[in-house]
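Enquirer: Residues per chain are reported as follows:
There are 2 protein chains.
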Amino acid sequence: MTSTIKAIPDIVIGRLPLYLRALAYMIEENREFVSSQELGDRLGISSVQIRKDLSYFGEFGKQGTGYEIQFLRQQLRQILHADKVWEIALVGAGDLGHALIRYEEFCEKGFCIAVVFDRDPQKIGRKMGGFEVFDAESIPTIVKERGIKVAIIAVPASEAQAVSDILVKAGVRAILNYAPITLSVPPKVQVQYINPIIQLQHMAYYLD
Amino acid sequence: MTSTIKAIPDIVIGRLPLYLRALAYMIEENREFVSSQELGDRLGISSVQIRKDLSYFGEFGKQGTGYEIQFLRQQLRQILHADKVWEIALVGAGDLGHALIRYEEFCEKGFCIAVVFDRDPQKIGRKMGGFEVFDAESIPTIVKERGIKVAIIAVPASEAQAVSDILVKAGVRAILNYAPITLSVPPKVQVQYINPIIQLQHMAYYLD
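Taken in order, these protein sequences are the chains called A and B. Everything in the first sequence is counted per the working numbering, starting at 1 for the first residue and increasing by one. Everything in the second sequence is counted per the working numbering, starting at 1001 for the first residue and increasing by one.
If we strip away everything but chain A, and leave its shape as in the complex, we get (with noise of 0.2 angstroms):
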């Protein structure tokens, strides 16, 4: 990673991943070249703002045809590291932990779910979905050996700091939270968090 790279805002990084994903049904829908309007409309962004993210990174478009949508995708994949397949540790297996494993598109996106933990006895040895549930007392080890350096934290909020300080100290760098707590992680690590309650919240606040 460059020092050039490092400088752009968080909130361009976090927008790409919506161009990615309107690019892709774009690619479905038999589609070759859009404009940055045109993509601006379906995502609720202005013009202006997309030709801005992009140029943080090249010269993606063309004046008059806009952009060549495998090709722009491809550099959005290479730069977002989604051309890789990413190992997934998952910490938590209830019923969140169930649906997750179940949800096929973490692994279609590349983001693969490779090893399974919880700390409930009668859940050990057990499979699920296809995957052994191991002891979370077994996370540095495995998540160690195998290089993991993606986690999902399923666990209760009493539970999830100590399970972020483990998976942090085994290796981890990328940790998707679904326990409604904010994490304390050192700066190396990036976290982000599924947050139903909360944008429930915020939608609540513009209601009468």
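These are calculated hints, taken from the structure and not from any lab test. Every residue gets a Cβ at the ideal spot worked out from N, C-alpha and C, and that includes glycine. Among these hints, one or two may not hold up.
To be verified - No farther apart than 30 angstroms at their CA atoms in a straight line, the calculated lysine-lysine pairs in the DSSO-like style are these:
{"#": "1", "chain 1": "A", "residue 1": "K169", "chain 2": "A", "residue 2": "K188"}
{"#": "2", "chain 1": "A", "residue 1": "K52", "chain 2": "B", "residue 2": "K1052"}
{"#": "3", "chain 1": "B", "residue 1": "K1084", "chain 2": "B", "residue 2": "K1149"}
{"#": "4", "chain 1": "B", "residue 1": "K1052", "chain 2": "A", "residue 2": "K188"}
{"#": "5", "chain 1": "A", "residue 1": "K52", "chain 2": "B", "residue 2": "K1188"}
{"#": "6", "chain 1": "A", "residue 1": "K84", "chain 2": "A", "residue 2": "K127"}
{"#": "7", "chain 1": "B", "residue 1": "K1144", "chain 2": "B", "residue 2": "K1169"}
{"#": "8", "chain 1": "B", "residue 1": "K1062", "chain 2": "B", "residue 2": "K1084"}
{"#": "9", "chain 1": "A", "residue 1": "K149", "chain 2": "A", "residue 2": "K123"}
{"#": "10", "chain 1": "A", "residue 1": "K169", "chain 2": "A", "residue 2": "K144"}
{"#": "11", "chain 1": "B", "residue 1": "K1127", "chain 2": "B", "residue 2": "K1149"}
{"#": "12", "chain 1": "A", "residue 1": "K127", "chain 2": "B", "residue 2": "K1123"}
{"#": "13", "chain 1": "A", "residue 1": "K52", "chain 2": "A", "residue 2": "K144"}
{"#": "14", "chain 1": "B", "residue 1": "K1149", "chain 2": "B", "residue 2": "K1169"}
{"#": "15", "chain 1": "A", "residue 1": "K62", "chain 2": "A", "residue 2": "K52"}
{"#": "16", "chain 1": "B", "residue 1": "K1127", "chain 2": "A", "residue 2": "K127"}
{"#": "17", "chain 1": "A", "residue 1": "K123", "chain 2": "B", "residue 2": "K1127"}
{"#": "18", "chain 1": "A", "residue 1": "K149", "chain 2": "A", "residue 2": "K127"}
Stated by the list, open to error - Between beta-carbon pairs, the in silico distance windows are:
{"#": "19", "chain 1": "B", "residue 1": "K1127", "chain 2": "A", "residue 2": "S184", "range": "18 to 28 angstroms"}
{"#": "20", "chain 1": "A", "residue 1": "E29", "chain 2": "B", "residue 2": "R1146", "range": "28 to 38 angstroms"}
{"#": "21", "chain 1": "A", "residue 1": "Q122", "chain 2": "B", "residue 2": "I1011", "range": "40 to 50 angstroms"}
{"#": "22", "chain 1": "B", "residue 1": "D1120", "chain 2": "A", "residue 2": "C112", "range": "23 to 33 angstroms"}
{"#": "23", "chain 1": "B", "residue 1": "Y1025", "chain 2": "A", "residue 2": "D120", "range": "22 to 32 angstroms"}
Claimed, not checked - To give an idea of the interface, some chain A residues facing chain B are shown, with a C-beta separation under 10 angstroms as derived from the structure:
{"#": "24", "residue": "Y25"}
{"#": "25", "residue": "H98"}
{"#": "26", "residue": "V150"}
{"#": "27", "residue": "K188"}
{"#": "28", "residue": "Q190"}
{"#": "29", "residue": "Q192"}
{"#": "30", "residue": "H202"}
{"#": "31", "residue": "Y205"}
Position chain B against the provided structure of chain A, taking the given hints into account.
Expert: Leaving out everything else, chain B in the frame of chain A:
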């Protein structure tokens, strides 16, 4: 809603639920007062930002003692309409819908699933987690009759826009969308997205 309140940036509104959640944890810890500094440290937000956000709504803290936690929580609950119970229409009774029905935090936080819809004849009329699954055809009637304003979409991407259109026509004003697609809705309707893939791709940018 006054025009003064409308002028508050949406990004500020989006942080209020995070403050509310942090305050709830502090109450569980039997805390009485909190400084903007400590609240900020918990959430990874600067104390200046917190004071600025809260100042849109009034003068909640005192120099020296900080915020009285119970009072601030009560104020934020009112501002966010989190002191009400909202009935939720859940559309989609698949694996995800099932997991959402079992997710008790929704109703604990005032967002109570009230009615479940699906279009699969094998599911219609059957019970799922205590809820009868209704035919999606009856969304307009039931949602309008019950005056439901909030909905959760848990159907495949290909069906989500059509479902959204029907919900909006029936009077829904806030949609939490689990389908991996950007919805097109009128300006008066709020949409929030649950996007685990988008969030994972965002983080993967920073991985080697």
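Enquirer: Tell me if the interface restraint on A/H202 is satisfied: Cβ within less than 10 angstroms of some Cβ in chain B.
Expert: holds (5 angstroms)
Enquirer: Does A/K52 lie within 30 angstroms of A/K62 when you go C-alpha to C-alpha?
Expert: Since the Cα atoms of A/K62 and A/K52 sit roughly 14 angstroms apart, the hinted pair holds (cutoff 30 angstroms).
Enquirer: Quick one, is the A/H98 hint okay against chain B at 10 angstroms, beta carbons?
Expert: holds (8 angstroms)
Enquirer: Is the straight-line distance between the alpha-carbon of A/K52 and that of B/K1052 30 angstroms or less?
Expert: Status holds; Cα separation ~29 angstroms.
Enquirer: For the range 40 to 50 angstroms, tell me whether the beta carbons of A/Q122 and B/I1011 fit it or not.
Expert: At roughly 44 angstroms between Cβ atoms, B/I1011 and A/Q122 fall inside 40 to 50 angstroms, so the hint holds.
Enquirer: So, as I understand it, the hint says A/Q190 touches chain B; can you test that by seeing if any CB pair is closer than 10 angstroms?
Expert: At about 4 angstroms, which falls below the 10 angstroms cut-off, the nearest Cβ of chain B leaves the hint on A/Q190 intact, so it holds.
Enquirer: Under the criterion that the straight-line Cα-Cα distance not exceed 30 angstroms, is the pair B/K1149, B/K1169 satisfied?
Expert: holds (11 angstroms)
Enquirer: Straight-line Cα separation of A/K84 and A/K127 no greater than 30 angstroms?
Expert: holds (27 angstroms)
Enquirer: Compare the distance between the alpha carbons of B/K1062 and B/K1084 with 30 angstroms, and conclude whether the hinted pair is satisfied.
Expert: With Cα atoms ~28 angstroms apart, B/K1062 and B/K1084 stay inside 30 angstroms; holds.
Enquirer: Do the numbers back the hint for A/Y25, that is, is its least Cβ distance to chain B under 10 angstroms?
Expert: Holds, about 8 angstroms.
Enquirer: Is the hinted pair B/K1084 and B/K1149 satisfied, with a Cα-Cα distance of at most 30 angstroms?
Expert: holds (13 angstroms)
Enquirer: Regarding the hint that A/Y205 lies at the interface with chain B, is the smallest CB-CB distance below 10 angstroms?
Expert: With a minimum Cβ separation of about 5 angstroms from chain B (threshold 10 angstroms), the hint on A/Y205 holds.
Comparing the model with each numbered hint stated earlier shows that hints 13, 19 do not hold.
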